[in-house]
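Asker: So the sequence lines, in the order shown, correspond to chains A and B. Numbers 6 to 229, taken from the numbering used here, label the letters of the first sequence in order. Numbers 6 to 229, taken from the numbering used here, label the letters of the second sequence in order.
If you are wondering where the hints come from, they were derived from the structure by calculation, not from laboratory data. Please note that a few of the clues may not be correct.
No copy is singled out in the list; a pair is fine if it fits within one copy or between any two copies.
Once the Cα atoms are required to be at most 30 Å apart in a straight line, the calculated DSS-like pairs of lysine-lysine come out as [claimed, not checked]:
hint, residue 1, residue 2
1, Lys225, Lys30
2, Lys146, Lys70
3, Lys28, Lys146
4, Lys87, Lys30
5, Lys28, Lys225
6, Lys28, Lys219
7, Lys219, Lys87
There are 2 protein chains.
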Amino acid sequence: MQTLRRPKVRDQATDQIKQFIIKQKLAPGDRLPTETQLAETFGISRLSVREATKSLEFLGILESKTGVGLTVGRIDMQRMTKHLGFHSGLLDADFRQLIDSRVVLETGVLPYVARRMAADPSIEVNLRNLSSRIRSSRDLKNRIALDVQFHHSLLAASGLQPLVAFGDLLDAFFQRFHDSLKKADWKSGLASHDRIIDHLAAAHIDEATVEVRKHIESHKERIP
Amino acid sequence: MQTLRRPKVRDQATDQIKQFIIKQKLAPGDRLPTETQLAETFGISRLSVREATKSLEFLGILESKTGVGLTVGRIDMQRMTKHLGFHSGLLDADFRQLIDSRVVLETGVLPYVARRMAADPSIEVNLRNLSSRIRSSRDLKNRIALDVQFHHSLLAASGLQPLVAFGDLLDAFFQRFHDSLKKADWKSGLASHDRIIDHLAAAHIDEATVEVRKHIESHKERIP
DNA sequence: CACGGTGTGATTGTCTGACAATCAGATTGA
DNA sequence: TCAATCTGATTGTCAGACAATCACACCGTG
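Construct the entire structure; sequences and hints are all you get.
Answerer: See the structure below:
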């Protein structure tokens with residue numbers, strides 16, 4: 006016996022919409038027919054078209070504006086990680102894996118950071134600025150936020166947007182552990198930040214790598 | 006003047022559903038309330054709930070079965086690849102950045118891979134197995150699939166699940182370039198795979214790193 | 001008692017019709 | 001000329017209804 010499930014209408018709709026985009030060779034920003042027109046040409050109800058377009062829009066393939074219409078969208082990783090981030094099934098890794106992943110990420114970008122730092126002085130200024138703000142901050146909560154921002158900026162300094170997005174994603178998972186980090190000794194962390202910047206400014210990649218690894222792995226000691 | 010767009014009901018719905026999953030600590034496979042119940046608790050119509058669930062389902066965060074109900078889904082990147090890769094102009098990621106991100110990722114995991122390789126011989130067997138299967142494969146499409154699998158396994162060998170997930174996500178974005186890689190010289194790639202394994206097995210991290218970087222960056226030459 | 005077919009309630013899937021909200025562009029007025 | 005306003009087009013949301021599908025209890029038969 007065959008299961009042969011009847012294909013769902015909205016799935017056909019999504020496929021047909023995608024086909025339409027391909028056939029018409031539409032580029033991001035181009036207009037699509039209205040929902041009503043799509044429904045008529047596909048021979049289905051507007052509701053099913055809507056479920057299709059909303060799904061496509063969720064992924065960034067389409068954009069819709071009230072009173073205007075549908076346009077072809079532009080997919081970026083930011084959007085995906087935003088929705089994927091909370092899902093435990095994707096990243097229900099233990100704390101050690103999160104730490105190690107972060108080490109891989111932040112040490113891996115250092116060569117790129119150093120290269121861009123040499124070309125653009127504002128990067129170093131920005132990082133030093135953050136570091137000093139962390140030092141002068143008295144509120145613990147504020148400090149944590151600034152620390153997160155520092156590491157974000159470090160990744161961003163590499164110019165590799167996909168990694169920045171992934172780093173933010175990891176942060177979301179670290180938040181779970183922020184509570185247990187309350188009593189962390191921030192002094193060592195502060196000095197670490199400055200040393201990292203120094204090494205990068207001098208293009209001493211290996212030294213910076215060691216420093217970053219040590220800095221991040223220091224959190225390992227406080228594993229629940 | 007303030008723009009202050011009224012937030013759309015379905016967006017609130019998606020957020021609330023995600024919050025619900027978090028608060029209840031639901032794992033993949035767990036049941037969710039019915040659409041009607043969700044609509045009532047959120048104080049909105051079932052239609053808006055539906056648009057939310059359909060979007061979430063499209064991404065793989067939820068699953069819905071007729072006559073059964075909603076369950077938390079298991080995200081597989083394959084599903085996303087299917088929808089993401091279909092049109093080249095839609096992706097907002099720069100090819101160079103994708104390449105560099107991949108370099109960071111795959112070179113960064115090498116120390117972890119080498120360590121686990123020394124402890125678990127099956128890892129090396131698995132990688133060598135894949136490499137030889139790639140060599141004996143005549144079908145180009147098959148070769149690409151196996152090549153993707155090789156790099157996936159390399160990441161997986163690190164034992165760092167978050168990075169594996171991210172690598173898969175990157176693959177989804179790479180897919181659109183597979184076409185332009187058709188005429189790539191696979192011979193050099195093949196030898197590269199073996200050399201990478203050799204270096205890792207010998208715990209020569211630096212050599213392996215150089216080899217991986219060279220291997221991945223070789224694609225840079227074929228930028229559209 | 002064992003077991004396969006059957007019914008039944010619950011749940012998602014789809015449709016129809018209606019109205020509100022929003023926006024771009026035309027119209028109007030000073 | 002230019003700014004305020006009107007208007008039509010389009011998406012956003014709602015309500016109600018019925019069909020399709022599935023898990024599970026029920027029942028009859030051996």
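Asker: Hint by hint, note whether the structure agrees.
Answerer: Hints, verified against the model:
1. Lys225 with Lys30: Answer is between: at 25 Å across copies they meet the 30 Å cutoff, but 43 Å inside does not.
2. Lys146 with Lys70: neither (33 Å within a copy, 39 Å between copies)
3. Lys28 with Lys146: Between copies only: 22 Å across chains, 44 Å inside a chain, cut-off 30 Å.
4. Lys87 with Lys30: both (29 Å within a copy, 18 Å between copies)
5. Lys28 with Lys225: between (44 Å within a copy, 26 Å between copies)
6. Lys28 with Lys219: neither (45 Å within a copy, 34 Å between copies)
7. Lys219 with Lys87: Cα proximity of Lys219 and Lys87: one copy only (29 Å, versus 32 Å across).
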